[in-house]
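Q: Each protein sequence line maps, in turn, to chains A and B.
So the first sequence is numbered by the numbering used here: it starts at 89 and just counts up by one.
So the second sequence is numbered by the numbering used here: it starts at 87 and just counts up by one.
Note that these hints are calculated values from the structure, not bench results.
This list has only true hints and no planted wrong ones.
Under the rule of at most 25 angstroms between Cα atoms (straight-line distance), these lysine-lysine pairs were calculated in the PhoX-like manner:
| hint | chain 1 | residue 1 | chain 2 | residue 2 |
| --- | --- | --- | --- | --- |
| 1 | B | 457 | A | 366 |
| 2 | A | 375 | B | 414 |
| 3 | B | 457 | A | 367 |
For the chain B half of the interface with chain A, some residues (derived, Cβ under 8 angstroms), not all of them:
| hint | residue |
| --- | --- |
| 4 | 366 |
| 5 | 378 |
| 6 | 456 |
Some chain A residues well away from chain B (every beta-carbon gap over 12 angstroms; in silico):
| hint | residue |
| --- | --- |
| 7 | 123 |
| 8 | 126 |
| 9 | 127 |
| 10 | 147 |
| 11 | 158 |
| 12 | 220 |
| 13 | 229 |
| 14 | 255 |
| 15 | 289 |
| 16 | 294 |
| 17 | 324 |
| 18 | 333 |
| 19 | 334 |
| 20 | 425 |
Everything numeric in this text was worked out from a predicted model, so none of it was measured.
Built from N, CA and C at the ideal position, the CB exists for glycine as well.
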Amino acid sequence: LNAGTPQKSYHEKVKLSLSKEQSEFRDQVVDFLDTYWHEQKTLAPSTLGSSGLLGISSEAIKRWYQRVFDQGWALIDWPENLGGPGWDPIQKYIWISECGRRCIPSPSNLPGVAVVGPLLFALGDNHRSIDQFLEGITTNDSSWGLGPLDLEWNQTGLNLVRSREGFSLSGREVICGTGLGCDWGLVFCREAQDEYVVLVEIADRLIERMSGEVGALSSGFYEVEFVDEKISEDQMFLVPQGSRRKKIMELIWGNGTFYQSPLFLRREIVRLMDFARKKEMNRVSIKRLVELGIELKSLEALEMRAIFGRDQKIENRLSLAHLNLMTLDLTSRILEVEVDLLAYYSVPNEDRLTTHNEPNLGPGGDEYAVKKLLYINAWIEGVTSLDGAKGYLASRLEATGHDEI
Amino acid sequence: MDFSFSDEQTLLQESVSRFIANDYGFEERQKHSRSDLGYSAENWKTFAELGWLGVPFAEGAGGFGGGAVEMMLMMEEFGKGLVVEPYLATVAACGAALKVAGSEDQQAAYIPDIVGGSTLWALAFAEPQGRFNLADLLTVATSDKGKYVISGHKAVVINGPNANFFIVSARTGGEQRDKDGVSLFIIPSDAAGLSRRDYPTVDGQRACELTLDQVELDESNILGEEGQGLVVLEQAIDFATLAIGSEAVGCMEVLYKDTVEYCKNREQFGQPIGKFQVLQHRMVDMFMEHEQSKSLMFMAAMRWDEGYGPEAQKAVSAFKVQVGKSGKFIGQSAVQLHGGMGMTDELNIGHYFKRLTIIDTMFGNVDHHLKRFGDL
Numbered sequence: 089l090n091a092g093t094p095q096k097s098y099h100e101k102v103k104l105s106l107s108k109e110q111s112e113f114r115d116q117v118v119d120f121l122d123t124y125w126h127e128q129k130t131l132a133p134s135t136l137g138s139s140g141l142l143g144i145s146s147e148a149i150k151r152w153y154q155r156v157f158d159q160g161w162a163l164i165d166w167p168e169n170l171g172g173p174g175w176d177p178i179q180k181y182i183w184i185s186e187c188g189r190r191c192i193p194s195p196s197n198l199p200g201v202a203v204v205g206p207l208l209f210a211l212g213d214n215h216r217s218i219d220q221f222l223e224g225i226t227t228n229d230s231s232w233g234l235g236p237l238d239l240e241w242n243q244t245g246l247n248l249v250r251s252r253e254g255f256s257l258s259g260r261e262v263i264c265g266t267g268l269g270c271d272w273g274l275v276f277c278r279e280a281q282d283e284y285v286v287l288v289e290i291a292d293r294l295i296e297r298m299s300g301e302v303g304a305l306s307s308g309f310y311e312v313e314f315v316d317e318k319i320s321e322d323q324m325f326l327v328p329q330g331s332r333r334k335k336i337m338e339l340i341w342g343n344g345t346f347y348q349s350p351l352f353l354r355r356e357i358v359r360l361m362d363f364a365r366k367k368e369m370n371r372v373s374i375k376r377l378v379e380l381g382i383e384l385k386s387l388e389a390l391e392m393r394a395i396f397g398r399d400q401k402i403e404n405r406l407s408l409a410h411l412n413l414m415t416l417d418l419t420s421r422i423l424e425v426e427v428d429l430l431a432y433y434s435v436p437n438e439d440r441l442t443t444h445n446e447p448n449l450g451p452g453g454d455e456y457a458v459k460k461l462l463y464i465n466a467w468i469e470g471v472t473s474l475d476g477a478k479g480y481l482a483s484r485l486e487a488t489g490h491d492e493i
Numbered sequence: 087m088d089f090s091f092s093d094e095q096t097l098l099q100e101s102v103s104r105f106i107a108n109d110y111g112f113e114e115r116q117k118h119s120r121s122d123l124g125y126s127a128e129n130w131k132t133f134a135e136l137g138w139l140g141v142p143f144a145e146g147a148g149g150f151g152g153g154a155v156e157m158m159l160m161m162e163e164f165g166k167g168l169v170v171e172p173y174l175a176t177v178a179a180c181g182a183a184l185k186v187a188g189s190e191d192q193q194a195a196y197i198p199d200i201v202g203g204s205t206l207w208a209l210a211f212a213e214p215q216g217r218f219n220l221a222d223l224l225t226v227a228t229s230d231k232g233k234y235v236i237s238g239h240k241a242v243v244i245n246g247p248n249a250n251f252f253i254v255s256a257r258t259g260g261e262q263r264d265k266d267g268v269s270l271f272i273i274p275s276d277a278a279g280l281s282r283r284d285y286p287t288v289d290g291q292r293a294c295e296l297t298l299d300q301v302e303l304d305e306s307n308i309l310g311e312e313g314q315g316l317v318v319l320e321q322a323i324d325f326a327t328l329a330i331g332s333e334a335v336g337c338m339e340v341l342y343k344d345t346v347e348y349c350k351n352r353e354q355f356g357q358p359i360g361k362f363q364v365l366q367h368r369m370v371d372m373f374m375e376h377e378q379s380k381s382l383m384f385m386a387a388m389r390w391d392e393g394y395g396p397e398a399q400k401a402v403s404a405f406k407v408q409v410g411k412s413g414k415f416i417g418q419s420a421v422q423l424h425g426g427m428g429m430t431d432e433l434n435i436g437h438y439f440k441r442l443t444i445i446d447t448m449f450g451n452v453d454h455h456l457k458r459f460g461d462l
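Given these sequences and hints, build the entire structure.
A: Shown next, in the form of structure tokens:
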């Protein structure tokens with residue numbers, strides 16, 4: 089039993105408490121967040137309401153991440169010589185979880201930071217410079233978006249054609265990025281039997297921006313069209329086949345793609361719980377919220393293992409990508425409950441809203457429950473389908489040779 | 087913050103794992119479960135020799151000074167083998183109560199015998215009307231001239247048929263559901279006025295209905311302070327919940343892995359059924375449910391070792407909820423993916439599912455722990 093009274097060498101390991109150095113690092117992180125994140129929130133609150141994720145405008149998010157870049161803490165998975173902070177897994181966890189606790193959204197240029205950079209480190213070779221692409225990310229000047237991430241799961245609308253003059257790209261595709269814009273896109277394309285990662289400039293190829301600003305949750309779905317777009321060799325990276333291809337895909341899915349700590353959902357649940365209690369809602373409603381709280385706790389525990397497991401190989405079968413999808417899935421269900429609990433408050437009908445608006449959710453906050461739900465569902469099913477991730481995980485389990493499916 | 091195990095912990099886990107793999111096959115388990123005792127006395131002796139019965143107890147009492155993490159490691163391995171030996175009742179549940187509330191004399195008198203394997207214990211806390219409310223007691227102990235006289239009825243006392251001692255909760259004051267006024271008593275199984283109706287449970291364990299008719303005890307039999315037994319009982323039950331949840335995680339791992347293995351070998355339409363995407367996704371869901379439960383198991387054990395309080399209680403309840411839900415999903419999926427085979431008595435799948443089903447109801451089901459988590 090020994091609650092609180094560790095004995096003998098049994099307890100030298102496996103502990104949740106931080107060491108002195110780790111505590112000092114956390115204090116440093118907390119100070120930074122308390123100072124600068126609070127400042128951004130205070131200076132530029134969202135006009136869209138004060139609830140949870142929507143309590144800060146996207147412009148403020150952009151300024152906030154510029155501050156994080158200036159601090160040198162934005163590129164947490166990057167090598168130190170390219171701008172990474174050189175953190176160990178526990179330091180990464182402390183940063184991610186403390187951001188999560190404050191509902192700080194993913195980096196404004198998450199695709200660039202989490203996918204494009206690490207992918208170029210893996211695919212780039214010594215014969216050409218990848219700096220031209222990395223520079224904009226390290227200075228936070230260019231925003232990136234992503235096309236479908238695996239051709240085995242998704243059909244791409246793009247055609248890569250080889251001719252005597254070189255390669256050209258044609259077709260339409262939806263690029264997913266953040267709501268802050270999309271300067272460059274990373275897409276997968278096939279030419280004959282070969283698969284390439286192609287980096288393309290978006291700019292005037294944009295046909296339609298399909299989603300607008302939804303507070304800090306802002307996302308961007310950009311439909312682009314290319315007509316015989318010349319692609320230079322500097323823009324193309326051949327994806328190797330076989331086990332190396334698996335490693336590349338693992339890097340994309342396992343390296344924090346779209347990663348955000350599930351802890352950011354805690355405030356959403358607490359907010360809804362307060363609302364349900366204030367309205368004296370029935371036991372069934374409260375129970376639904378408690379269930380969501382427990383699911384969040386399990387994701388929190390899973391997150392710890394996933395992050396530590398990446399370097400310490402305790403559970404290297406776990407994937408952050410799958411955790412992400414479960415987080416999104418939970419987010420979706422929280423929003424479903426939110427829409428459900430708010431009932432007619434959430435129906436975007438102007439007459440009803442003016443009559444029954446719920447002041448605690450902020451002006452228009454009720455409408456956002458619906459908007460958020462649509463957004464999250466589009467994200468889950470549109471960009472990274474849950475089925476796709478399951479297929480990935482099945483293949484990953486197969487790769488371990490231990491739990492082959 | 088460190089998630090890796092110490093050498094001692096690794097050795098402990100490996101020794102249990104080896105025993106389960108080499109000496110505790112499904113056939114042996116079924117044989118022990120169907121014997122008169124309902125478990126193997128030989129195995130119990132081995133547990134004692136290997137020091138497993140002393141893992142959670144302090145060195146001064148002959149134990150090894152382990153904590154929740156060690157209990158978690160052992161029970162997870164026990165779960166993989168569907169172990170029927172009464173470790174949970176004797177060491178995890180009653181051992182916890184003795185450790186939390188036992189006087190020096192009581193610990194010196196009882197714990198060495200538990201560690202040595204010569205006595206078995208059972209925690210008699212449940213009553214038919216009480217559901218999962220530990221304070222809802224109709225069993226009453228009245229005191230008179232330094233003696234206690236206890237009368238009442240205890241239901242589903244796990245390991246009751248084999249126990250040498252019972253720890254029984256009874257009301258020494260207050261109303262039927264009051265938190266104050268609950269006391270715990272150590273009662274030898276041969277005490278006058280004690281009678282049992284024994285039966286096997288659906289998961290191959292042994293239990294009894296215990297009737298106490300004017301059982302006379304002296305003051306040395308009370309465990310902890312009179313009227314303050316509920317706090318002790320809650321802590322012991324929480325520790326047992328953590329232990330049984332860990333056992334469930336072990337059960338889930340076997341179900342998930344055996345199902346994967348079966349789907350790789352069973353052919354239909356000219357190929358292994360594991361190649362079908364729908365089944366692959368179901369197995370990935372099983373895998374993730376297992377991993378979520380295992381993650382919460384780690385969290386609950388580590389929170390416990392940091393100190394018993396609301397954080398540890400919340401973690402234990404969250405763990406039990408997850409175990410209840412995941413156990414049901416994984417059990418049902420394993421049976422379905424095995425087809426009709428999964429229902430047969432000859433195959434282990436159904437037995438693991440039955441154990442998981444019982445585990446869900448023990449020490450509070452999903453609904454109970456959901457409510458508790460919300461209230462904490």
